[in-house]
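Peer 1: Residue numbers (the numbering used here), protein chains in the order written: chain A, 1 to 374; chain B, 1 to 421.
Treat the hints with caution; some may be incorrect.
[Claimed, not checked] Computed from the model, here is a short list of chain A residues facing chain B with C-beta under 7 Å: (1) Asn-9; (2) Asn-39; (3) Gln-43; (4) Pro-56; (5) Val-219.
[To be verified] Residues from chain A that face chain B, not an exhaustive set, calculated with beta carbons under 8 Å: (6) Trp-64; (7) Ser-66; (8) Lys-193; (9) Ser-195; (10) Ser-221; (11) Val-226; (12) Arg-227; (13) Ala-288; (14) Asp-291.
By construction, these hints were calculated from the structure, which means they are not laboratory data.
For every residue, glycine included, the Cβ atom is placed at its ideal position computed from N, Cα and C.
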Amino acid sequence: MRSKTDQKNVIVDGSRIVIEAMARAGADSFIGYPITPANLLYQYAGQRFPLMLPAPDEITTLQWMSGLSACGRIPVTATSFPGFALMIESINMAFMMELPMVIILVQRLGPATGTATCGAQGDIALLKGMISGGHQLPVLCPSDFNDCWNLSARAVSLSAQLRTPVVFLTSKEEMMTRKSFDLVTLDDIKPLKRSFYGGDKPYMPYEPGENLVPEFLPVTSDRWQVRLNASTHNRKGILQHSGEEALANTRRLEEKPLRNLPDYTIFDLDEQKGAETLIVSYGISAAAARDAVAVIRESGKKISILIPKTILPVPDTCYNIIDSYKKVIVAEENINGQYAKVMFGERLPDRIRTVGETGRMIGRDAIIKEEAAL
Amino acid sequence: MSNILKTPVLPYCKGCGHDLIAKNTARALEDMGLKPLDVIVVTDIGCHGIIDGCLNTHTVHGLHGRSVALGAGIAFGLENPEKKIIVFIGDGGSTIGLQHILEAARLNLDMTVVVHNNMLYGMTGGQTSGLTPCGFRTSTSVSGNPWSGYDLCALAHTSGAAYASRIAGIGDISSSLGEAFAVKGFSLIEVIEICPGYGVKFNPGRKLSEIIESSGKLPGKWENRREQFGGVHGSKSGSLFEDLDIINSEFKSSLEKPLSLIISGSAGEGVQLAAALLSAAVVRSGLHVTQKGSYPVTVGVGFSTAELIISPFQIGYHGIDIPDVVVVTSGDGLAHCRSRIEKMAGGILFIDSSLQAPGTGADVRSYDFRSIGARAACLYALFRFADSTGYISKETLYRVISDGGLADKIPVKRISELIDG
Numbered sequence: 001m002r003s004k005t006d007q008k009n010v011i012v013d014g015s016r017i018v019i020e021a022m023a024r025a026g027a028d029s030f031i032g033y034p035i036t037p038a039n040l041l042y043q044y045a046g047q048r049f050p051l052m053l054p055a056p057d058e059i060t061t062l063q064w065m066s067g068l069s070a071c072g073r074i075p076v077t078a079t080s081f082p083g084f085a086l087m088i089e090s091i092n093m094a095f096m097m098e099l100p101m102v103i104i105l106v107q108r109l110g111p112a113t114g115t116a117t118c119g120a121q122g123d124i125a126l127l128k129g130m131i132s133g134g135h136q137l138p139v140l141c142p143s144d145f146n147d148c149w150n151l152s153a154r155a156v157s158l159s160a161q162l163r164t165p166v167v168f169l170t171s172k173e174e175m176m177t178r179k180s181f182d183l184v185t186l187d188d189i190k191p192l193k194r195s196f197y198g199g200d201k202p203y204m205p206y207e208p209g210e211n212l213v214p215e216f217l218p219v220t221s222d223r224w225q226v227r228l229n230a231s232t233h234n235r236k237g238i239l240q241h242s243g244e245e246a247l248a249n250t251r252r253l254e255e256k257p258l259r260n261l262p263d264y265t266i267f268d269l270d271e272q273k274g275a276e277t278l279i280v281s282y283g284i285s286a287a288a289a290r291d292a293v294a295v296i297r298e299s300g301k302k303i304s305i306l307i308p309k310t311i312l313p314v315p316d317t318c319y320n321i322i323d324s325y326k327k328v329i330v331a332e333e334n335i336n337g338q339y340a341k342v343m344f345g346e347r348l349p350d351r352i353r354t355v356g357e358t359g360r361m362i363g364r365d366a367i368i369k370e371e372a373a374l
Numbered sequence: 001m002s003n004i005l006k007t008p009v010l011p012y013c014k015g016c017g018h019d020l021i022a023k024n025t026a027r028a029l030e031d032m033g034l035k036p037l038d039v040i041v042v043t044d045i046g047c048h049g050i051i052d053g054c055l056n057t058h059t060v061h062g063l064h065g066r067s068v069a070l071g072a073g074i075a076f077g078l079e080n081p082e083k084k085i086i087v088f089i090g091d092g093g094s095t096i097g098l099q100h101i102l103e104a105a106r107l108n109l110d111m112t113v114v115v116h117n118n119m120l121y122g123m124t125g126g127q128t129s130g131l132t133p134c135g136f137r138t139s140t141s142v143s144g145n146p147w148s149g150y151d152l153c154a155l156a157h158t159s160g161a162a163y164a165s166r167i168a169g170i171g172d173i174s175s176s177l178g179e180a181f182a183v184k185g186f187s188l189i190e191v192i193e194i195c196p197g198y199g200v201k202f203n204p205g206r207k208l209s210e211i212i213e214s215s216g217k218l219p220g221k222w223e224n225r226r227e228q229f230g231g232v233h234g235s236k237s238g239s240l241f242e243d244l245d246i247i248n249s250e251f252k253s254s255l256e257k258p259l260s261l262i263i264s265g266s267a268g269e270g271v272q273l274a275a276a277l278l279s280a281a282v283v284r285s286g287l288h289v290t291q292k293g294s295y296p297v298t299v300g301v302g303f304s305t306a307e308l309i310i311s312p313f314q315i316g317y318h319g320i321d322i323p324d325v326v327v328v329t330s331g332d333g334l335a336h337c338r339s340r341i342e343k344m345a346g347g348i349l350f351i352d353s354s355l356q357a358p359g360t361g362a363d364v365r366s367y368d369f370r371s372i373g374a375r376a377a378c379l380y381a382l383f384r385f386a387d388s389t390g391y392i393s394k395e396t397l398y399r400v401i402s403d404g405g406l407a408d409k410i411p412v413k414r415i416s417e418l419i420d421g
């Protein structure tokens with residue numbers, strides 16, 4: 001227990017924590033386009049990032065980020081669904097070119113423009129299916145301020161480690177609500193040390209390296225030619241229709257995030273021996289789920305809770321944990337059980353129950369009620 | 001044999017202007033003494049884009065219409081100003097990505113855009129593009145395009161491009177390309193060609209020079225004398241946490257369980273500031289707090305509401321369904337949280353005396369909050385809250401106001417008189 005005198009209590013919002021963490025972790029460029037509820041992130045990035053540029057639209061945002069990434073930088077942006085929708089083709093490009101970057105997606109109420117100042121967890125199904133071909137980019141999702149700190153740094157390092165765009169998934173209430181918080185509880189963040197290709201042979205931008213990740217070399221190299229390509233391409237980065245080498249590259253893109261998944265499987269698990277019910281929740285709904293578990297336990301019942309933070313791809317470890325329970329309640333701020341369906345399909349098995357909400361956060365009592373009804 | 005091109009045989013139809021542009025680009029770069037790795041060629045989607053495999057330069061092949069923005073990103077990230085960024089794009093790409101051209105011109109980024117304008121979409125079947133001249137026939141306007149095409153050079157020029165030029169893709173065009181490449185800043189060169197596959201087929205007998213003449217968009221050169229974009233590199237401030245006040249808990253609170261509080265008033269009347277000051281006072285009292293604001297997107301009109309949870313324990317979920325305490329200082333504020341006030345079975349409602357309290361189980365306490373001015377009404381109400389409940393001392397609120405340098409802006413003395421009589 002830390003004594004009061006060691007504390008550094010402040011009142012802070014999640015946006016400030018995320019931007020500070022990403023800057024410390026080595027992200028060096030931010031491209032901004034205004035959108036509620038991501039504006040605080042943009043504002044703070046302007047004060048903190050070595051390079052911050054205002055883009056004229058969200059397609060430009062992703063293209064500028066891709067150019068910066070091609071030069072060896074780690075760019076970041078922050079947006080919400082309407083902006084994210086415009087970015088999707090370009091995120092596919094960055095995925096195909098294998099360019100590190102972080103996209104902070106601050107969820108708000110949809111569809112379409114919806115309500116800009118109302119939170120939601122409605123974009124999980126989109127993130128599951130947004131890469132043509134069904135491939136998956138890593139999606140990390142914080143459940144509290146300490147996650148905002150640690151996961152932000154991990155998103156930056158993961159993007160470089162896997163040579164991929166990473167989505168950092170949050171929501172309005174996580175990024176805009178101010179809370180009292182003790183800064184001393186934040187761990188040190190070590191800045192990313194990137195190494196680029198230094199071999200003596202011509203560089204092959206899509207030659208599978210360790211764990212299927214090709215080594216990176218900026219497009220500004222004076223020594224070796226660098227080719228980046230968003231079309232189906234061979235290991236050299238040259239466009240090919242559907243040759244064996246090119247399709248092997250596409251298969252590698254499928255395999256890369258999955259094979260490395262154990263490296264970035266992040267979750268909180270609080271199990272109670274003898275519990276037969278597991279509550280699964282993530283992001284903004286996790287706090288209510290934790291509160292609900294405390295109340296249920298106080299009533300003498302046994303219950304466990306899983307907070308996945310690597311939410312896509314769904315880690316095997318999470319499936320194994322869920323499979324070891326007779327009853328599972330998935331709580332998320334949408335009315336269609338998006339994450340539950342991502343995990344278990346459109347027709348959920350009987351043992352998987354959902355608690356949903358739209359237009360407001362899921363409260364503790366809704367989860368308690370569902371548990372009582374099992 | 002060129003050192004920029006890997007092969008003299010390029011994958012283009014006989015007579016295609018793309019072949020001419022690629023070879024003359026190579027010649028121009030070599031004439032400038034550039035080595036292949038001094039050059040980054042960004043290509044768009046379209047027949048011109050398949051040049052990548054024939055180049056010894058760095059190559060980046062992106063999406064349809066986005067190559068100029070992608071090249072701009074590289075221009076921003078470039079640390080060696082001697083590198084040359086060249087973007088190849090077609091007429092179709094230049095309209096889907098028109099904004100990117102205008103933006104790069106406006107910022108005067110150091111790059112050259114070579115527009116392969118063959119007046120139609122050649123890769124997809126010869127459809128009309130935004131640069132197809134009036135009367136030119138395509139697969140989708142067989143009796144001739146009824147509209148004129150954009151004047152790309154004029155658009156780039158008026159957006160601020162250091163250099164824009166239009167030429168006919170005939171003969172040796174290397175010196176024209178070289179002139180564009182040599183520009184420090186944004187240059188665009190539009191090369192007009194005729195697609196041997198579709199342009200010739202649908203417009204038999206028409207000569208390129210005659211088509212250019214009749215389109216009214218003649219060859220020319222347009223310049224703006226201005227400095228190229230100089231970059232915005234350099235480090236910014238230190239930690240964002242340095243801007244935050246470290247708040248020591250120097251006061252005590254009698255609060256033993258979480259309390260939810262809604263402050264609801266009108267935009268521009270200091271609701272969020274009052275909430276922030278209360279939050280600081282809460283932390284000074286050794287408690288935890290969450291504070292979220294809610295207001296219409298217009299910010300300056302309508303309601304403005306702050307929701308706070310105050311607790312002696314760490315706070316998880318920070319939503320409020322039915323509040324313990326509500327403070328209402330205006331009609332806007334009442335309208336916004338009326339339904340929640342009606343659901344209250346207990347707790348306290350502090351409400352401005354000009355307003356009719358809704359039916360509620362809360363203990364209604366009516367004061368003339370607005371008597372000290374609309375902008376201070378919320379703070380006055382919070383002092384009433386502090387005085388009535390004792391969870392936060394008035395002294396703590398005073399201290400937060402004075403330490404925040406707001407003592408002159410908030411009528412604390414008057415508030416004090418009103419409360420203490």
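Peer 1: None of the hints should be skipped; say for each whether it holds.
Peer 2: Here is what the structure says about each hint:
1. Asn-9: Nearest chain B Cβ about 5 Å off; hint holds.
2. Asn-39: Constraint on Asn-39(A) not satisfied, violated at 11 Å.
3. Gln-43: This hint is violated: Gln-43(A) lies away from chain B, its Cβ roughly 10 Å from the closest one there, beyond 7 Å.
4. Pro-56: holds, 5 Å
5. Val-219: holds, 5 Å
6. Trp-64: Where the cut-off is 8 Å and the nearest Cβ of chain B is about 4 Å from Trp-64(A), the hint holds.
7. Ser-66: The hint holds - Ser-66(A) has a Cβ within 8 Å of chain B, the shortest such distance being about 6 Å.
8. Lys-193: violated, 18 Å
9. Ser-195: violated, 18 Å
10. Ser-221: holds, 7 Å
11. Val-226: holds, 5 Å
12. Arg-227: holds, 5 Å
13. Ala-288: Result: holds, 4 Å to nearest chain B Cβ.
14. Asp-291: Holds: closest Cβ of chain B sits about 5 Å from Asp-291(A), inside 8 Å.
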